[in-house]
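Protein chains in written order, with my numbering: chain A, 4 to 403; chain B, 18 to 277.
Among the hints, erroneous ones may be present.
Said to hold, decoys possible - Beta-carbon label-pair distances, calculated as ranges:
#1 A:Lys67 - B:Lys72: 45 to 51 Å
#2 B:Glu67 - A:Glu158: 30 to 36 Å
#3 A:Asp370 - B:Lys72: 47 to 53 Å
#4 A:Asp321 - B:Glu48: 28 to 34 Å
#5 B:Glu48 - A:Val269: 35 to 41 Å
#6 B:Glu48 - A:Lys108: 31 to 37 Å
Said to hold, decoys possible - Taking lysine-lysine and the DSBU-like style, the derived pairs with C-alpha atoms no more than 35 Å apart in a straight line are:
#7 A:Lys375 - B:Lys266
#8 B:Lys173 - A:Lys334
#9 B:Lys123 - A:Lys67
#10 B:Lys244 - A:Lys13
#11 B:Lys273 - A:Lys183
#12 B:Lys244 - A:Lys375
#13 A:Lys334 - B:Lys72
#14 B:Lys217 - A:Lys62
#15 A:Lys339 - B:Lys173
#16 B:Lys123 - B:Lys252
#17 B:Lys72 - B:Lys208
#18 A:Lys252 - B:Lys173
#19 A:Lys155 - B:Lys208
#20 B:Lys244 - A:Lys68
#21 B:Lys173 - A:Lys42
#22 B:Lys123 - A:Lys42
#23 A:Lys67 - B:Lys217
#24 A:Lys294 - B:Lys163
#25 B:Lys208 - A:Lys183
#26 A:Lys132 - B:Lys244
#27 A:Lys402 - B:Lys252
#28 A:Lys155 - B:Lys163
#29 A:Lys294 - A:Lys183
#30 B:Lys208 - A:Lys375
#31 A:Lys360 - B:Lys244
#32 B:Lys220 - A:Lys294
#33 B:Lys266 - A:Lys155
#34 A:Lys339 - B:Lys244
#35 B:Lys273 - A:Lys402
#36 B:Lys220 - A:Lys375
#37 B:Lys252 - A:Lys62
#38 B:Lys273 - A:Lys237
Rather than coming from a laboratory, the hints here were simulated on the basis of the structure.
The C-beta atom is built at its ideal place from N, Cα and C for all residues, glycine as well.
Residue-level listing of the chains:
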Amino acid sequence: MASIKILLDKCTGCALCVKACPFGAVRMADRKAVIDMAKCTLCGACAAACRFAAIELEKAGGPKKDLSAYKDVWVFCEQKKGVIQSISFELLGEGRKLADKLGVKLCAVLLGSGMEDAAERLGERGADKVYLVDHPSLKAYQDDPYTEVLVKLAEEYKPEVILCGATTIGRSLVSRVAIKIDAGLTADCTGLDIDPKERLLLQTRPAFGGNIMATIVTPNHRPQMATVRHKVMKEAPLQGGRLAEIISKAYPAETFASRTRLLDVVEEMGATVNISEADVIVAGGRGMGGKENFSMLEELATVLGGAVGASRSAVDADWIPYSHQVGQTGKTVVPKLYIACGISGQIQHLIGMQSSKVIVAINKDPDAPIFKVATYGIVGDAAELVPALTREFRRVLNKQ
Amino acid sequence: MNIIVCIKQVPNTTDVRIDPVTNTLIRDGVESVINPFDAYAIEEAVRLKERLGGKVTAVTMGPPQAENALKEAIGLGCDEGILVSDRKFAGSDTWATSYTLACAIKKIGDYDVILCGKQASDGDTAQVGPGISAHLDIPQVTYVKKISEINEHTAKVERMTEEGYDIVETPLPCLFTVVKEINTPRMPSLKGMMRAKAAKPLKWTADDLEADPAALGLDGSPTRVVKIFTPEARKGGEMISGAPADVAKELAELLKGEVL
Chain A
4 MASIKILLDK
14 CTGCALCVKA
24 CPFGAVRMAD
34 RKAVIDMAKC
44 TLCGACAAAC
54 RFAAIELEKA
64 GGPKKDLSAY
74 KDVWVFCEQK
84 KGVIQSISFE
94 LLGEGRKLAD
104 KLGVKLCAVL
114 LGSGMEDAAE
124 RLGERGADKV
134 YLVDHPSLKA
144 YQDDPYTEVL
154 VKLAEEYKPE
164 VILCGATTIG
174 RSLVSRVAIK
184 IDAGLTADCT
194 GLDIDPKERL
204 LLQTRPAFGG
214 NIMATIVTPN
224 HRPQMATVRH
234 KVMKEAPLQG
244 GRLAEIISKA
254 YPAETFASRT
264 RLLDVVEEMG
274 ATVNISEADV
284 IVAGGRGMGG
294 KENFSMLEEL
304 ATVLGGAVGA
314 SRSAVDADWI
324 PYSHQVGQTG
334 KTVVPKLYIA
344 CGISGQIQHL
354 IGMQSSKVIV
364 AINKDPDAPI
374 FKVATYGIVG
384 DAAELVPALT
394 REFRRVLNKQ
Chain B
18 MNIIVCIKQV
28 PNTTDVRIDP
38 VTNTLIRDGV
48 ESVINPFDAY
58 AIEEAVRLKE
68 RLGGKVTAVT
78 MGPPQAENAL
88 KEAIGLGCDE
98 GILVSDRKFA
108 GSDTWATSYT
118 LACAIKKIGD
128 YDVILCGKQA
138 SDGDTAQVGP
148 GISAHLDIPQ
158 VTYVKKISEI
168 NEHTAKVERM
178 TEEGYDIVET
188 PLPCLFTVVK
198 EINTPRMPSL
208 KGMMRAKAAK
218 PLKWTADDLE
228 ADPAALGLDG
238 SPTRVVKIFT
248 PEARKGGEMI
258 SGAPADVAKE
268 LAELLKGEVL
């Protein structure tokens with residue numbers, strides 16, 4: 004069984020570990036660190052923070068496995084209705100860097116039906132190889148066949164790293180795959196890097212609602228799997244004419260069997276409303292005053308080529324559907340520009356948007372917490388300011 | 018219909034404050050609550066039971082004090098609570114957590130539906146629900162916003178997607194992870210609160226689970242945290258004031274080159 008202990012001869016009493024513990028389990032007594040085992044979860048944050056190697060986290064893992072058979076960086080390329088989703092290009096962009104650091108190939112994995120042409124074009128996005136499994140049962144995502152196929156591919160070709168979008172599909176799929184192939188999986192990464200010596204994927208992600216960041220590794224299991232959030236990695240540039248080797252795989256019929264059956268796909272909104280993919284989000288809260296005022300947000304969003312978001316109170320008041328909700332019980336978004344209109348900025352809302360590049364806040368209350376995270380703050384009535392912004396942005400953008 | 022609902026006790030996010038001097042989390046006095054998404058799973062489980070009869074069992078893995086979350090779940094209408102707790106589970110990542118919960122569910126044995134919140138508010142991984150169904154080798158539907166039809170053999174549900182929703186039919190037993198849109202959780206009744214107070218959740222340790230010891234806790238976790246740090250706190254920026262038209266002009270100027 005795993006254990007943790009303080010090496011008293013090495014502990015200098017600096018208390019760095021006390022600060023590092025996310026669970027408040029470390030305290031100082033007689034100028035030495037003491038761990039409260041009732042609170043400790045063996046997360047290792049204290050050991051990582053200690054500068055004197057005074058905290059020993061021991062894992063009773065088996066012998067170090069031979070992992071040398073695993074190579075290449077894979078990107079699961081998500082397609083919907085035959086269209087490869089933009090998150091896949093973001094992953095290929097990041098995957099290229101990781102593959103180069105490891106000195107291995109970047110491979111795209113594409114599952115679908117009638118995807119041969121799309122597979123060919125993945126070379127132009129940096130893929131050296133494309134594993135293509137084309138079958139009518141893979142046309143739309145279903146957990147069983149997608150899991151089965153990805154498991155089979157990974158077992159045969161043994162990738163070192165598998166990246167996947169932290170999307171509805173991605174999070175459902177790779178969570179299952181990681182269990183089946185006994186791999187480590189880290190969710191919603193916002194930063195990836197390589198430790199070249201150990202060939203480890205350094206996966207950095209927010210935890211506790213973005214209040215702390217954790218870097219996670221998978222030392223003794225392969226592949227190292229990670230899901231990555233939208234909009235945090237740069238899309239791979241298009242390199243016209245660049246070719247990839249296509250490896251087309253066929254499997255027996257039972258591989259594609261699905262216990263669940265997809266009866267219908269209902270699209271409720273236009274493409275502009277997918278807030279997780281939008282570069283610009285214009286979001287409204289209770290301060291918008293009523294449902295009728297949300298149309299002005301839509302107008303501003305349209306001018307900026309963005310989508311409309313909302314706070315929980317606006318959704319709870321039925322001013323806009325739940326799919327637009329940003330925050331803890333809604334979606335986490337990272338647009339280039341987030342314009343918060345009449346949103347006070349409760350912590351639950353901030354969790355979902357505080358990583359946006361530029362935040363503009365409009366609120367009547369000069370003490371509203373939203374101003375604490377805003378790049379630019381405007382004290383005033385959103386119902387007056389939003390139309391003025393729409394007019395001005397339209398004028399500026401028309402000129403360019 | 019026998020329903021299992023998996024819940025997690027998490028720190029109440031409304032209480033999370035950052036110490037402005039040390040830039041670390043202030044944890045003193047932070048209250049523990051049921052993960053907000055699990056409240057929808059509990060409510061849906063209780064509604065299914067009310068419609069179809071049967072029993073709802075709430076399961077949680079956590080430290081001894083997580084018993085309170087189970088008591089609360091019983092107050093909201095669950096029939097029984099099981100606390101899976103052992104020092105041997107410490108350091109579990111999502112692989113080991115889903116394995117441990119799957120072992121507990123196997124021990125419960127007779128179930129038709131497993132409900133989980135779509136993710137927990139402290140870890141935000143959304144991996145444990147699908148992990149449990151993978152360990153149990155049963156079908157799953159994630160991000161469920163409506164169970165529109167259900168009988169003892171099959172269910173028809175709506176799965177939320179980025180663009181709208183899918184209508185999916187699944188045989189039972191099946192695991193569903195649910196989103197907020199699925200229902201509005203009830204408040205505990207006075208009777209419920211009395212029940213919660215009197216409730217005595219079962220306690221299972223690693224020995225009760227017939228689990229592979231090497232697959233538990235830190236030992237059974239492929240991933241490992243090597244560094245934890247506080248992100249640079251976002252600082253409030255520039256305030257712009259004036260008539261709406263002037264403010265708009267100034268803002269457009271500031272955003273030029275950056276995002277416009």
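Structure-based check of all given hints:
1. A:Lys67 - B:Lys72: 45 to 51 Å: 46 Å, holds
2. B:Glu67 - A:Glu158: 30 to 36 Å: 45 Å, violated
3. A:Asp370 - B:Lys72: 47 to 53 Å: 50 Å, holds
4. A:Asp321 - B:Glu48: 28 to 34 Å: Holds: the Cβ-Cβ distance is about 30 Å, inside 28 to 34 Å.
5. B:Glu48 - A:Val269: 35 to 41 Å: For Val269 of chain A against Glu48 of chain B, whose Cβ atoms are near 39 Å apart, the range 35 to 41 Å holds.
6. B:Glu48 - A:Lys108: 31 to 37 Å: 50 Å, violated
7. A:Lys375 - B:Lys266: Given pair Lys375 of chain A, Lys266 of chain B holds - Cα atoms ~23 Å apart, limit 35 Å.
8. B:Lys173 - A:Lys334: 25 Å, holds
9. B:Lys123 - A:Lys67: 31 Å, holds
10. B:Lys244 - A:Lys13: 20 Å, holds
11. B:Lys273 - A:Lys183: Violated. Lys273 of chain B to Lys183 of chain A sits at ~49 Å, over the 35 Å cutoff.
12. B:Lys244 - A:Lys375: 27 Å, holds
13. A:Lys334 - B:Lys72: The hint holds at about 33 Å.
14. B:Lys217 - A:Lys62: Cα-Cα ~34 Å, so holds.
15. A:Lys339 - B:Lys173: Distance of about 38 Å is beyond 35 Å: violated.
16. B:Lys123 - B:Lys252: Measuring from Cα to Cα gives roughly 49 Å; hence the hint is violated.
17. B:Lys72 - B:Lys208: With Cα atoms ~18 Å apart, Lys72 of chain B and Lys208 of chain B stay inside 35 Å; holds.
18. A:Lys252 - B:Lys173: 32 Å, holds
19. A:Lys155 - B:Lys208: 52 Å, violated
20. B:Lys244 - A:Lys68: Holds. Lys244 of chain B to Lys68 of chain A sits at ~23 Å (cutoff 35 Å).
21. B:Lys173 - A:Lys42: 42 Å, violated
22. B:Lys123 - A:Lys42: 28 Å, holds
23. A:Lys67 - B:Lys217: Since the Cα atoms of Lys67 of chain A and Lys217 of chain B sit roughly 43 Å apart, the hinted pair is violated (cutoff 35 Å).
24. A:Lys294 - B:Lys163: Holds - the C-alpha atoms of Lys163 of chain B and Lys294 of chain A are around 25 Å apart, at most 35 Å.
25. B:Lys208 - A:Lys183: 44 Å, violated
26. A:Lys132 - B:Lys244: Holds, at roughly 33 Å.
27. A:Lys402 - B:Lys252: Given that 35 Å is the threshold and the Cα spacing comes to 33 Å, the pair holds.
28. A:Lys155 - B:Lys163: Satisfied, since the Cα-Cα distance of roughly 32 Å is no more than 35 Å.
29. A:Lys294 - A:Lys183: Violated. Lys294 of chain A to Lys183 of chain A sits at ~47 Å, over the 35 Å cutoff.
30. B:Lys208 - A:Lys375: 43 Å, violated
31. A:Lys360 - B:Lys244: 24 Å, holds
32. B:Lys220 - A:Lys294: 49 Å, violated
33. B:Lys266 - A:Lys155: Not OK: Lys266 of chain B and Lys155 of chain A at ~57 Å, beyond 35 Å, violated.
34. A:Lys339 - B:Lys244: 27 Å, holds
35. B:Lys273 - A:Lys402: Since the Cα atoms of Lys273 of chain B and Lys402 of chain A sit roughly 12 Å apart, the hinted pair holds (cutoff 35 Å).
36. B:Lys220 - A:Lys375: Cα-Cα ~45 Å, so violated.
37. B:Lys252 - A:Lys62: The given pair, whose Cα atoms are some 40 Å apart, is violated under the 35 Å limit.
38. B:Lys273 - A:Lys237: Holds: Lys273 of chain B and Lys237 of chain A sit about 21 Å apart, inside 35 Å.
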